[in-house]
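8 protein chains.
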Amino acid sequence: MKFISIVMGSKSDFEIMEEAAKILEKFSVAYEMIISSAHRSPERTHNYIKTAEQKGAKVFIAAAGMAAHLAGVVASFTTKPVIGVPMRGGAMDGMDAMLSTVQMPAGMPVATVAIGKAGAINSAYLAMQILAIEDEELRIKLLEDRILKAKKVASDSLEIEKII
Amino acid sequence: MKFISIVMGSKSDFEIMEEAAKILEKFSVAYEMIISSAHRSPERTHNYIKTAEQKGAKVFIAAAGMAAHLAGVVASFTTKPVIGVPMRGGAMDGMDAMLSTVQMPAGMPVATVAIGKAGAINSAYLAMQILAIEDEELRIKLLEDRILKAKKVASDSLEIEKII
Amino acid sequence: MKFISIVMGSKSDFEIMEEAAKILEKFSVAYEMIISSAHRSPERTHNYIKTAEQKGAKVFIAAAGMAAHLAGVVASFTTKPVIGVPMRGGAMDGMDAMLSTVQMPAGMPVATVAIGKAGAINSAYLAMQILAIEDEELRIKLLEDRILKAKKVASDSLEIEKII
Amino acid sequence: MKFISIVMGSKSDFEIMEEAAKILEKFSVAYEMIISSAHRSPERTHNYIKTAEQKGAKVFIAAAGMAAHLAGVVASFTTKPVIGVPMRGGAMDGMDAMLSTVQMPAGMPVATVAIGKAGAINSAYLAMQILAIEDEELRIKLLEDRILKAKKVASDSLEIEKII
Amino acid sequence: MKFISIVMGSKSDFEIMEEAAKILEKFSVAYEMIISSAHRSPERTHNYIKTAEQKGAKVFIAAAGMAAHLAGVVASFTTKPVIGVPMRGGAMDGMDAMLSTVQMPAGMPVATVAIGKAGAINSAYLAMQILAIEDEELRIKLLEDRILKAKKVASDSLEIEKII
Amino acid sequence: MKFISIVMGSKSDFEIMEEAAKILEKFSVAYEMIISSAHRSPERTHNYIKTAEQKGAKVFIAAAGMAAHLAGVVASFTTKPVIGVPMRGGAMDGMDAMLSTVQMPAGMPVATVAIGKAGAINSAYLAMQILAIEDEELRIKLLEDRILKAKKVASDSLEIEKII
Amino acid sequence: MKFISIVMGSKSDFEIMEEAAKILEKFSVAYEMIISSAHRSPERTHNYIKTAEQKGAKVFIAAAGMAAHLAGVVASFTTKPVIGVPMRGGAMDGMDAMLSTVQMPAGMPVATVAIGKAGAINSAYLAMQILAIEDEELRIKLLEDRILKAKKVASDSLEIEKII
Amino acid sequence: MKFISIVMGSKSDFEIMEEAAKILEKFSVAYEMIISSAHRSPERTHNYIKTAEQKGAKVFIAAAGMAAHLAGVVASFTTKPVIGVPMRGGAMDGMDAMLSTVQMPAGMPVATVAIGKAGAINSAYLAMQILAIEDEELRIKLLEDRILKAKKVASDSLEIEKII
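Chains as they are written, first to last, in my numbering: chain H, 1 to 164; chain G, 1 to 164; chain W, 1 to 164; chain D, 1 to 164; chain E, 1 to 164; chain Y, 1 to 164; chain A, 1 to 164; chain U, 1 to 164.
Fair warning: there could be bad hints in the mix.
[As the list claims (entries may be wrong)] Only part of the chain D face toward chain A is listed, based on derived beta-carbon distances under 10 Å:
no. : residue
1   : 14
2   : 37
3   : 39
4   : 44
5   : 160
Calculated directly from the structure, the hints in this document are not laboratory data.
Glycine included, each C-beta is placed from N, C-alpha and C at the ideal position.
All chains should be built: construct the whole structure from the sequences, respecting the hints.
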């Protein structure tokens with residue numbers, strides 16, 4: 001079994017991270033999703049990451065706000081790729097969470113995506129791009145999605161465009 | 001053939017991005033490395049990405065400074081994972097490059113790592129973590145590297161530590 | 001045929017960029033307006049810019065938010081002046097879009113204006129100032145507009161001013 | 001006579017703004033260059049802008065640091081396009097000058113370019129792109145420059161590139 | 001006749017700057033208040049400052065937002081003290097206006113106060129502190145105000161305080 | 001008598017700082033709470049700190065916004081630990097208050113916690129952690145609270161979690 | 001006796017604040033200058049401000065870095081105008097000191113000038129502008145200085161200017 | 001045995017954190033000092049914190065740079081007070097480390113001090129202030145240190161002061 005694991009630091013992150021789950025479901029990619037805090041439940045986080053990796057988690061997505069340590073802590077427990085999603089809400093509108101997520105020391109990367117909802121969606125896409133390296137079916141789906149996105153741009157444009 | 005492709009926007013990025021190459025060589029991971037600019041050589045960039053993907057590039061690393069569009073432009077040409085390394089040197093000591101790299105719109109992720117040298121090193125590690133999902137030998141090497149890193153912490157500590 | 005081309009990266013930018021269109025209409029300056037994304041529709045963007053330039057586009061206005069690459073990408077396809085309008089909505093209230101737009105590398109300028117609505121309006125004025133270099137009628141209109149603006153300041157002041 | 005006018009707020013800006021002058025000379029584009037401060041010599045600035053415009057200045061380049069008001073003040077005296085170059089040196093490494101230059105109110109644009117040397121060079125390119133709209137010879141030169149830039153990327157790359 | 005002159009760059013600043021006027025009225029200090037823009041009405045601004053100074057303006061208060069050049073421009077026309085009030089509303093919640101106001105070059109000071117409403121109120125207090133150097137009656141009023149403020153702190157505290 | 005002293009600079013801080021008081025009450029830790037301003041009531045602040053310390057205040061919590069000097073001023077009157085809580089509301093969403101609180105000179109520390117409500121709650125926890133060094137009963141309560149927090153994470157997770 | 005009082009928080013501020021002293025000496029304006037810290041010597045600061053005001057201090061200049069509370073603390077002891085000079089050296093190159101100085105609460109202004117050396121010089125000019133309201137001789141000197149500054153701009157320009 | 005525990009994330013932090021150790025030695029306060037990384041040696045960190053607490057660590061000082069998770073991770077393993085020292089060196093000159101340290105979620109405080117050397121020194125002072133609550137001898141020493149600091153201000157001042 002191969003799946004993507006989504007961990008979020010707090011219940012308040014669910015509304016945003018649900019967007020990642022929706023994308024994975026749309027592409028029929030298996031995933032787990034739990035809440036576990038780097039600070040309030042460090043042992044739960046440690047145990048979950050170890051168990052999930054053994055069960056088949058291939059990529060971890062970790063979402064947290066403020067001093068967002070979750071992705072870094074997850075990265076310290078696994079050598080699987082860890083994607084960090086900085087949440088809005090702290091000082092500087094999520095810049096605290098972004099800097100806490102992206103500025104990892106040499107040798108311990110966190111693949112950081114955009115702040116908030118765009119980042120949640122991108123964490124799912126990035127996880128699928130990683131799986132798609134060895135999953136031809138998923139690769140085709142991602143290519144089709146790109147074509148749809150380009151078509152959507154053109155159809156959106158038709159609603160407002162003005163060509164001489 | 002599977003390899004990692006490193007693209008940098010300018011010759012001035014080489015000194016930093018060489019660190020990524022060194023890591024890949026240390027782990028015997030195949031890679032290509034070229035300079036191509038999002039703005040000064042858009043066609044070269046487009047052609048290279050398409051060719052590299054056909055030849056077997058599984059992950060792209062893109063490094064640029066200032067209004068760092070390279071990683072985003074690379075991401076627009078491929079559905080392979082793209083890792084962005086923001087370079088120092090512009091406004092706010094690399095914050096311009098970081099925001100230009102990480103704040104990608106929904107559906108078009110760039111896996112962003114730290115600014116500058118730590119980010120260059122982490123781009124190599126992240127790329128290897130992605131390949132290691134399906135490469136048991138590389139996975140073992142990464143685990144061994146973690147053990148060495150932990151030992152290095154302990155031996156570094158011995159030089160300065162003071163225990164009662 | 002001479003005209004100004006307005007390109008925006010997303011449908012959500014229309015509400016703001018419509019302000020630029022209104023200004024151009026008020027001054028009877030021809031323009032085109034379309035949606036095309038640097039990332040989701042790179043070929044559409046490339047094709048549109050090339051076609052528009054051949055048809056007579058003299059100035060390009062490109063509006064985008066977050067990691068706002070659109071103006072830079074447009075600039076890589078043309079040597080016509082490109083005006084960049086950073087949109088609000090991302091990190092630090094549009095600072096991500098501004099830095100992504102203005103910090104272009106040497107030799108590849110983007111003429112950046114203010115974030116959001118003021119910038120949208122200014123993109124239209126700047127484009128007209130450029131055309132007015134060789135368009136005496138438009139130059140006169142811009143001078144008259146300046147006089148009106150100065151008069152508006154005086155009449156606004158009358159509503160609140162208190163002179164001893 | 002058509003020319004570009006370069007105004008800088010202080011002698012300390014010369015070392016950077018000389019880069020703009022060099023570019024214009026390389027392309028054989030006529031220019032004037034003077035020092036005039038928005039604050040220390042407001043009348044000189046006013047008089048110069050009026051005179052220069054009458055003599056044939058088609059585009060103004062204004063460079064200043066810290067609370068960089070010069071470009072905005074120049075813009076208040078002319079409807080010709082005004083390009084602002086934010087200088088480094090104040091708080092936040094030039095971000096003060098950038099925000100003071102780019103955040104102009106609706107109807108009074110300043111075409112802002114990157115902070116410091118890259119911005120100085122880009123101010124010259126942007127000014128030439130504006131003149132090139134009606135100057136076919138200059139347009140060809142700019143296209144040739146683009147081709148040289150793309151070739152330079154490729155030759156730079158040869159020094160470091162590694163292709164499998 | 002001695003008075004304080006309040007100049008604001010736009011009608012939208014009135015709601016905030018009215019707070020300064022109210023404070024001056026409360027302390028029976030004469031003032032003028034007008035709208036004049038650094039960019040849209042540069043001559044009006046120049047003429048007003050010259051006239052006001054001749055009529056007896058002892059201190060100028062200048063309020064503006066975004067690339068807030070008004071206080072600096074006023075300072076270039078007078079050697080009277082100029083107080084700058086940065087308005088909210090631009091990028092970074094008024095930080096653009098603050099940096100544009102405070103970072104004046106050597107020899108051309110603007111006395112900058114806090115962003116927005118607190119700054120509007122403080123501009124009035126600072127202007128009165130300046131006048132009070134030579135106005136014993138006003139000095140006494142300011143001292144009495146301080147005592148009232150300290151008493152207000154104590155009475156506010158009574159509503160919520162909890163002393164063991 | 002041992003207690004914690006909460007001082008806030010303004011009545012507007014009460015709504016947030018009440019959160020600290022609630023935490024202390026929940027843990028049955030004695031506290032005082034008053035309003036006193038560093039600037040509007042410097043003598044009241046000085047007198048209160050001296051008196052409170054004599055009565056048994058073991059830790060001071062000081063909350064203020066904008067140029068938040070209160071914690072630093074309290075620290076200058078006592079060698080007891082001083083915890084600073086930066087309030088939102090000023091420039092950059094509380095970054096002004098945070099920098100004004102945390103960047104104390106060598107030898108004069110303020111123990112700074114997060115901006116706003118999270119910081120208010122954390123100021124109470126930190127104060128209790130300090131008292132718990134010598135208060136076994138309180139130490140046990142804090143440990144029990146940690147266990148409850150970890151359980152809460154698990155029960156929150158149950159509402160949304162999806163395990164394969 | 002009328003004089004300006006310069007207070008700095010640390011010996012390390014002297015090199016910069018000496019610039020203010022030099023300006024005052026050049027204009028033959030009496031001043032005092034001492035070191036006193038808001039935090040390390042609060043009583044000294046309190047006593048000095050009270051004594052200096054009684055002796056004839058008309059304007060206070062207070063310089064400090066990091067969490068720069070000195071100007072605010074001085075302002076809490078006097079109703080004379082207080083000019084704050086933020087020093088470089090802390091976070092974000094002096095932005096911590098600037099925000100700590102300028103963001104004063106309503107009713108307690110600090111007249112803030114630029115960060116570092118330009119601010120030191122401007123603190124002296126601003127103090128003189130305040131005294132010059134009632135000192136015709138000093139007013140003339142300041143006007144002459146302005147004329148010299150404008151001439152200096154013109155002579156500086158001659159060294160580099162290029163006029164067609 | 002009572003002691004203070006200093007943990008730093010990397011050997012490169014030693015030069016700065018040695019300043020904390022020097023202060024503790026000067027005041028004859030027992031301490032331990034080791035290197036342990038939140039990310040590279042998570043188990044070592046966990047084991048050390050648990051062991052140190054059992055041996056008598058009363059306060060933890062944790063120093064780290066960039067995405068500085070160490071203090072937060074230490075706080076997740078203990079209910080003893082944890083003091084965080086943000087190191088310089090990352091993006092925004094230490095602001096990344098500060099935000100990663102201070103913006104802890106509700107219920108999990110880290111007592112954050114200034115960035116870099118001043119913070120290192122302050123971490124030692126804050127730890128001693130905490131111990132001094134129950135250590136009369138240490139309290140006296142801290143009071144004496146305050147007196148010395150105030151005297152040092154006065155003697156520093158003598159070298160530069162100018163009193164009328």
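Against the structure, the hints come out as follows:
Interface hint at residue 14(D): satisfied, since its Cβ lies 5 Å from the closest Cβ of chain A, which is below the 10 Å cut-off. At a threshold of 10 Å, the smallest CB-CB gap from residue 37(D) to chain A is about 5 Å, leaving the interface hint in force. At about 9 Å, the closest approach between the beta carbon of residue 39(D) and any beta carbon in chain A falls short of 10 Å, and the interface hint on this residue holds. Taking 10 Å as the C-beta cut-off, the interface hint given for residue 44(D) holds, the closest approach to chain A being about 6 Å.
The beta carbon of residue 160(D) comes no nearer than 33 Å to any beta carbon in chain A, farther than 10 Å, and the hint placing it at the interface is violated.
Of the numbered hints stated above, the single one contradicted by the structure is hint 5.
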